[in-house]
Amino acid sequence: MPELPREIIKPKLLIGEGKEEERFFGALLTHLGIGDVQVEQYGGKQGLASYLKNLLVRPGYPALVSLGVTRDADISAREAFQSVYDTLRNIGLSTPDRPQTSATGRLRVGVFILPDGQRSGMLEDLCLSAIQAYPEWGCIEAYFQCITATANRQPANMSKARVHVWLASQVEADKQLGVAAEIGYWPWDNPPFDALKQFLRAL
Amino acid sequence: MYNSFTIKNFRCFRDLTLEPLERVNLITGKNNVGKTALLEALFLHLGPSNPSLALQVNTVRGVEQRAGDAEEMWEWLFFTRKVQETIELTGLDEDNTTRRLSIRLVESERAQLSPVTDTLTTTSGLRDLLLEHRDARGQISTTRVRADGATITRRGNGAPLPVGVYLSTRARTFKEDAARFSNLERVGRHEGLLPTLNLLEPRLRRLAVLVTGGVPIINGDIGIGELIPLPLMGEGMVRLLSILLAIANAPGGVVLVDEIENGLHHAVMTGVWEAIANLARKSQTQVFATTHSWECVQGAHQAFEASGTYDFRLHRLDRVGDDIQAVAYDRETLATSAEMNLEVR
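Heads up: the sequence lines are chains B and G, in that order.
To convert a position in the first sequence, counted from 1, into the working numbering, add 229.
To convert a position in the second sequence, counted from 1, into the working numbering, add 3.
It is worth saying that the hints were derived from the structure and are not from the lab.
Some hints could be false.
[Claimed, not checked] Here are a few chain G residues that sit away from chain B, every Cβ distance over 12 angstroms (derived from the structure):
1. CYS15
2. THR62
3. ASP151
4. ARG319
[To be verified] Taking lysine-lysine and the BS3-like style, the derived pairs with C-alpha atoms no more than 27 angstroms apart in a straight line are:
5. B/LYS248 / B/LYS274
6. G/LYS33 / G/LYS11
7. G/LYS11 / B/LYS239
8. G/LYS33 / B/LYS282
9. B/LYS426 / B/LYS248
10. B/LYS274 / B/LYS239
No residue lacks a Cβ here, since even glycine has one placed at the ideal position from N, Cα and C.
All chains, full assembly: derive it from the sequences and hints.
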């Protein structure tokens, strides 16, 4: 049976780049016991402007009180924030002054740049930060050193590769980042997640 | 062609503006937000000197008028039944000219003897319906009608107006359809309808008007040895042919279709919209239709996206407090909705 068109049914909306982000944030919100935030994805960085323009005409938008926009920093957290800022301003939404904060207005708008608003990187880097203190972290690093030495190759995106190796070492070895969050593989109580949790609570 | 349309104090609308308008406009929204009322307002605006329309719009909703109750029926035309206000329907055309119809109840010019009864009560005076139309050149014409339906006075003649056709969900228009079909057959355009009807009935190879029981009715040849009345081929067939005939017979006019998806399988919606788009462009007819169907919305978007000319707009009516507001979807917002499966209705 085809999926029903998605409606805005909660007063707060958190948006991420893709499906994995949607599942990841949904799992974290469940962990935090936050039930009034709806999570959606905007189809990648290029889709943000179209998604936000569409948001303004969706049924339920007038009742929305808060919007959280998340995005990977990629090579520069500053540039990523500026890009989101420009998109919000062009659409006519309120714009926060800096990442990890919210701007007040008819609709409160917050922007969170992953992994932490400062460094380059992505959601995967935030997750890796939370497990780097674990003893098995050395195993992950050793694995890639071995591959590099033996096969003379290295993944283009080391953060994604490290996450895959970490997840491959779990009891259920075939899970993606988002499903892993739903299962409980990411240690939510570790400090690297604190800023994101604070952002979600403040939405 | 309307570029925008404003409704004040009519039915559930205190003040609503629908814009921008395109060649084809699809209206959506939850129940009881005024989708049908919007079509009624357009219909009244298209026939400003025809006072019977003010009662017809109730009749096609299934509210039958009894003798002497026209005043009460008229009162329900007014926003929250505030009859002291004036209904204003204003259309802005593509040539930037404005045409306005004002409707109000006024004290009747006739006297009435109070009926002799045992109860002593005072009654308010009788009222007439006054329609005042200011055309695109600023010329004013008025029509005053009594509750018994008699037109009392008509003053002034405005410029010719576009044809308006209203296809409601209830009314069956077999005779009108037969007449419209005959108009097309007279000029050899009737066969152009067949490819679209073949979406619903691939065996259909010919249409003809036959008189059955004194009533002209369109019949179809599906290769069974004799023609069969179109209504026997199903609700969708009749509905689709009515829509196509209305558009083809209203060159430069406006066709209003309530719940356009009725009787049509979702798989044919894109093809149906392609046909409507082509016919509306060819006839220079503007179309307003309502729907509750997501497949209908998607079908329309796909058809206009593929046609090369996106002369289509989706409008949703939302209730915000006591008011109704309109939200318009353009090509980009509708494409995003379709791609991401986001609700638009």
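Hint-by-hint comparison with the structure:
{"no.": "1", "hint": "CYS15", "in the structure": "17 angstroms, holds"}
{"no.": "2", "hint": "THR62", "in the structure": "32 angstroms, holds"}
{"no.": "3", "hint": "ASP151", "in the structure": "44 angstroms, holds"}
{"no.": "4", "hint": "ARG319", "in the structure": "7 angstroms, violated"}
{"no.": "5", "hint": "B/LYS248 / B/LYS274", "in the structure": "13 angstroms, holds"}
{"no.": "6", "hint": "G/LYS33 / G/LYS11", "in the structure": "21 angstroms, holds"}
{"no.": "7", "hint": "G/LYS11 / B/LYS239", "in the structure": "33 angstroms, violated"}
{"no.": "8", "hint": "G/LYS33 / B/LYS282", "in the structure": "22 angstroms, holds"}
{"no.": "9", "hint": "B/LYS426 / B/LYS248", "in the structure": "19 angstroms, holds"}
{"no.": "10", "hint": "B/LYS274 / B/LYS239", "in the structure": "24 angstroms, holds"}
Consistency note: the structure conflicts with the earlier hints numbered 4 and 7.
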